[in-house]
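Note that the numbering used here has the sequence shown beginning at 167, numbered continuously upward.
Be aware that one or more of the hints could be misleading.
Below 30 Å or equal to it, Euclidean Cα-Cα: the simulated BS3-like pairs (lysine-lysine) are [said to hold, decoys possible]: (1) K249 x K214; (2) K346 x K322; (3) K260 x K304; (4) K358 x K342; (5) K534 x K544; (6) K260 x K377; (7) K214 x K254.
Think of the hints as simulated: they come from the structure by calculation, not from any bench.
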Amino acid sequence: MVQAIVGANWGDEGKGKITDMLAQEADIIVRFQGGANAGHTIVNSYGKFALHTLPSGVFNDHTTNIIGNGVALNIPVLFNEIKSITDKNVPMPKLLVSDRAQMVMPYHIKLDEYEEERLAGKSFGSTKSGIAPFYSDKYAKIGFQVSELFDEASLKEKIERVIVQKNVILEHLYHKPTLKVDEIFDTLMEYKSMVEPYVCDVSAYLYEAIKEGKNILLEGQLGSLKDPDHGIYPMVTSSSTLAAYGAIGAGIPPYEIKKIITVCKAYSSAVGAGAFVSEIFGDEADELRRRGGDGGEYGATTGRPRRMGWFDCVASKYGCRIQGTTDVAFTVLDVLGYLDEIPVCIGYEIGGEITTDFPTTTKLEKAKPVIKTLPGWKSDIRGIRNYEELPENCRNYIEFIEEQIGFPITMVSNGPGRDDIIYRKK
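Work out the full structure: start from the sequences and follow the hints.
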């Protein structure tokens, strides 16, 4: 069976933990989109890890971990990440890399930095990982697939062709040093020596695995609201964050995806710019940020303090709908145990009218939150494994959210560890 694990909101929903937990039953885990610009924080018996490119199944020795063709593959970052886990006594993971995956080039990162610098105050809040220039090149058909590393004459010829365009931009728009063919070629030969043992036809591999009845997890990065088509454009990422893209980014038929687990946080957080209706500020935000996640709400990749907000039913209902959710995993519920009352955003007021439908960006930027306050439970719920043992106000909070978003909450996470989970039968 194929399952997808994706985010309902802006990313940072706790997907890594849910993937790590479900990976125990999985034969294969596939990262199907995005690059090293976002990360998953995972806490397990080996320690605490921030993964950026590696699938979250790397801690299970029975799991094959795949970098799908939809990923923006930064080869040195991938191999530094492997070293960072094997240095902490994690066994070398079983890894496959799609021969159709495209590579983040060193100049993509430079171009990302230069563009953010040029835009100054009007920047997109990029992580400067080269993601937007990478996907721009992919769709302009001047990107480099992993498979191209194995035909050196054609590769060199293509580098010569592509850098003519890049050098015009570097010289005349950014006033920066230009690129040299030999330097890029030599770098790519280093990349080849690193990645060569792992390269395979991933789509063919997965086709056989599906026929054999293997359990496959598709792991997405970020969340619905960062999707370039359906998110808060233009403050989005550059590849689709939706489960539907899992079929494309892994190379499998769409009808094989039987279960879509959409991860939703018990409050809201976001990294980067863009409309965020339920956002809170000052001491209230600082307190939630400090208590949040495992060790606080800071980006797994950037270390940036996340923007904080209360649970947004409008955004989450939309985020779950656009993913095609079959199950909601509700995370970091334990964090809210300090509050006497818990505000929830149940609607948006736009131009004097109240809506529960998530609007396009121009309207979203004018939206004000409609808040309903629920009583808190004022206790530590970590360690509880049975739903009925949760405090009544805690269950009421979960059931209120479930009713508002209209999708079944079947898993409740109440701590950072792999086993801090309550399964709820629906």
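Right, here's what the structure says about each hint:
Taking the CA atoms of K249 and K214, the gap is near 15 Å; set against the 30 Å cutoff, the hint holds. Among the hinted pairs, K346 with K322 is consistent with the structure: their alpha-carbon atoms are about 11 Å apart, no more than 30 Å. As the CA atoms of K260 and K304 are separated by approximately 27 Å, the hinted pair is consistent with the 30 Å bound. Simply put, K358 and K342 have alpha-carbon atoms about 28 Å apart, close enough for the 30 Å limit, and the pair holds.
For the proposed pair K534 and K544, the alpha carbon gap of about 28 Å is at most 30 Å, so the pair holds. Restraint check for K260 and K377: satisfied, since their Cα atoms lie roughly 21 Å apart, inside the 30 Å limit. Our distance criterion of 30 Å between C-alpha atoms is met by K214 and K254, whose separation comes to about 10 Å.
The structure is consistent with each of the numbered hints, conforming to all of them.
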